[in-house]
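S.K.: So the sequences go chain by chain: Y and Z. Positions in the first sequence are counted from 1; adding 11 to them yields my numbering. Positions in the second sequence are counted from 1; adding 752 to them yields my numbering.
Misleading hints may appear alongside valid ones.
What the hints assert, rightly or not - Stretch by stretch, here's where chain Y covers chain Z in the computed footprint (C-beta under 8 Å, at least three residues):
(1) 959 to 969
(2) 1007 to 1015
Claimed, not checked - Derived Cβ-Cβ restraints for the label pairs, each shown as a range:
(3) Z/Val1009 to Y/Asp74: 51 to 57 Å
(4) Z/Phe864 to Y/Ile388: 37 to 43 Å
(5) Y/Ala369 to Z/Pro1010: 21 to 27 Å
(6) Z/Tyr1013 to Y/Asp259: 26 to 32 Å
(7) Z/Val1009 to Y/Lys261: 26 to 32 Å
(8) Z/Thr1015 to Y/Arg233: 20 to 26 Å
(9) Z/Glu833 to Y/Val310: 39 to 45 Å
(10) Y/Gln190 to Z/Ile881: 28 to 34 Å
(11) Z/Gly867 to Y/Lys261: 49 to 55 Å
(12) Y/Ile388 to Z/Leu755: 41 to 47 Å
(13) Z/Tyr1013 to Y/Val310: 38 to 44 Å
(14) Z/Thr1015 to Y/Phe234: 22 to 28 Å
(15) Y/Gly335 to Z/Asp874: 56 to 62 Å
Claimed, not checked - Facing chain Z, from chain Y, some residues (calculated, C-beta under 7 Å):
(16) Gly59
(17) Ser196
(18) Asp218
(19) Pro222
(20) Arg225
(21) Asp229
(22) Arg257
(23) Ala258
(24) Val276
(25) Pro280
Everything labelled a hint here was simulated from the structure, so no lab data went into it. Idealized CB from N, CA, C, for every residue including glycine.
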Amino acid sequence: MTELTASRRQVLAGATALAGSAAFPCFAFAQGAPIRIGTLTPLTGAGGPYGPVMVKAVKAVIDEVNAAGGVNGRKVELISEDDQTNPEAGVRAARKLIDIDKVSAILGTWASSVTTAVAPLCWESKTFLCTTSGADSITALPHQGYLIRTQPTTTLQGKKFGEFAIEQKAKRVFFLSPQTPFAKSQFDNITMAVKAAGGETASLIYDDKKPAYRTEIDEVLRFKPDAIVFGGYTPDTAVMLKDLYRADFKGTKIAFGYSVNQKLVESVPAEVVDKTFMISPSPAEGSKAYDRLVKMIGVAAPDPYTTQIYDHINLVLMAIAMAGDSSGAAIKDAIRKVSQAPGGARIDNAIDGIKAIAAKQAVDYDGASGPCDFTEIGDISDSKFRYEQVQGGKIVLVKIG
Amino acid sequence: MTLILQAVINGLMTGTLIAVPAIGFSAIFAVLRYPNFAIASYATIGAFAAWWANAILGLPVIPAIAIAFLITGCIGVGAEETALKRLRGNGALIVAIASIALNLVLENIVRFIFGNDMKGYDLPLLRDIRFGDLRIGPQQLQSLALAVVIMAVMFLFLRYTRFGKAMRAVADNPDLARLKGIDPARIAIVTVFLGAGLAGVGGVLIGLDTSIDPLTGYRVLLSVFAAAVLGGLGSIPGAVVGALALGIAEELALIVVPATYRTAVGFVAILIMLTFRPRGILGERAA
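Could you build all of it, start to finish, from the sequences and the hints given here?
M.R.: Have a look at this one:
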């Protein structure tokens, strides 16, 4: 038989301990319950080149904040998961972050397909989501405020691609893209910009898991385009560029900065990718936050997504400090009070922000990716773009505008 | 007409790329009677081995392919002996599932060693040759020639060498082969070596045409599997015919269907095939 009765002394000791913890709740929680933040970035798959650096930036900020005493006396803990640039893997990882790790916020979902799949899990569980995905449809989801994004919408980006093609004196513009959630709105907005200048457009949506695209290229060339816009990711765009070179295409090539990147330029023969233009949302180069990030992670020119996730973590930590609560709902309610409080102190990092908040100051964060002011549905209200070109195996800046 | 002819040419070219790993897949299936999905990672390993030989050591393509064949073959045998062999007694399904797991492990080892970035071979890219309205890539022609030579060598090996005959005997009837004094364990090792090696060479050929990254093999796994099924699982000429048929069917379909449905077209072809001829084009046994 197991002895179930407790001695009077044991009961007394237990009761005292209970009363003690009730009287001093901070003892029980100050060190015991860290604030948990999840990153869900692509460490593998098409976004693989970006995810690891993104996580590094988040970790650097968290380490710095912890060294300065944490947020409201609580340590911050980072849990990093890999979405594999794949919605199905993204959902599994998000489930783990939400259900098992019970994170306050998830940062850095990159591919629009992943964000679209993960977002409902977040708002249903009242977990805050910060994303770098561009598809217009994302902020149109019924997210109840549990989502912000730092990437300009595809409406804005499509328009810039169209206008730039016209600037390059193209009259017939072809849009070549795999199936992505932003392909349609991207093409519609390119078409709008090109038609406004009297030009014509056509598009082809391809399957991005094929070893060659020769028949697709034949179809593209039948349109006789003078400019081709690539909507894909790095691996498939590399194949497309090679097949276009083989087919002797001599017109203008315009791609997203994230697909034609240094890695792609190094992996294909120089003449294949030469003269290709790249357009990407421009980070706020030269801003205080940007310089700080460069020093923190030791990367001379961080990509836009790293600058964006750096802003995510700073904003989320400040929002938690402002709300005095680390729940997703608290972050949702406080985020705009730290990103864009009218007349607030210009802050470029979480440590200064947390100090200002403790001193009851209003805060207006200016980030490494841009001013970080959000509209009601969670889009950024302003962004600059960066126009680059591959010249002789090097990526050269053409303009920022 | 030009449109159709060009699509057929393109289909033949993609088909030959798939045919080489499909032969490896079918050879393993013929002798060991299970679908080895780890050939995706063997293809990736082959692609990276050849990249290492070509871009780092500066060797030309043909020696790089030979190195890829040897390295992948050895890794295939190592993986088979350590991970899959002991499961063979539990039925084909268990080994097939284990091979999927093995594939993930090997793929991530490649990622660990070479990183996640795309890499390209150190080769000049050549413009297509034009015949009127038709165009053919010299590199594709070279890959086509390589694939044909490899297939011919494989065919001659199976047909005329003692080992090849023994392999066919085991594939045909393992018990009878054992009675004749053929050691099935040795045959299994050689088959896996050849099968994995061919998958590796296939990976190189795909890499020559595109770029390579740790997912190179995985991306074509379904097509390789489909080609082997279409041609008749376990039949080596069948794998070649299946791959070419699949390639041509996909490219021809693009003329009428949007490119997004390209993969679907291949699978519809398989569905029709299996409905009316379950053993595949050249398969001898009913599946």
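S.K.: Now tell me if each hint is right for this structure.
M.R.: The hints, checked one at a time:
no.	hint	in the structure
1	959 to 969	holds (count 6)
2	1007 to 1015	holds (count 7)
3	Z/Val1009 to Y/Asp74: 51 to 57 Å	holds, 53 Å
4	Z/Phe864 to Y/Ile388: 37 to 43 Å	holds, 41 Å
5	Y/Ala369 to Z/Pro1010: 21 to 27 Å	violated, 58 Å
6	Z/Tyr1013 to Y/Asp259: 26 to 32 Å	holds, 28 Å
7	Z/Val1009 to Y/Lys261: 26 to 32 Å	holds, 29 Å
8	Z/Thr1015 to Y/Arg233: 20 to 26 Å	holds, 23 Å
9	Z/Glu833 to Y/Val310: 39 to 45 Å	holds, 43 Å
10	Y/Gln190 to Z/Ile881: 28 to 34 Å	holds, 32 Å
11	Z/Gly867 to Y/Lys261: 49 to 55 Å	violated, 34 Å
12	Y/Ile388 to Z/Leu755: 41 to 47 Å	holds, 46 Å
13	Z/Tyr1013 to Y/Val310: 38 to 44 Å	holds, 41 Å
14	Z/Thr1015 to Y/Phe234: 22 to 28 Å	holds, 24 Å
15	Y/Gly335 to Z/Asp874: 56 to 62 Å	holds, 59 Å
16	Gly59	holds, 4 Å
17	Ser196	violated, 17 Å
18	Asp218	holds, 5 Å
19	Pro222	holds, 5 Å
20	Arg225	holds, 4 Å
21	Asp229	holds, 6 Å
22	Arg257	holds, 5 Å
23	Ala258	holds, 6 Å
24	Val276	violated, 10 Å
25	Pro280	holds, 5 Å
Checked against the numbered hints above, the structure breaks hints 5, 11, 17 and 24 and satisfies the rest.
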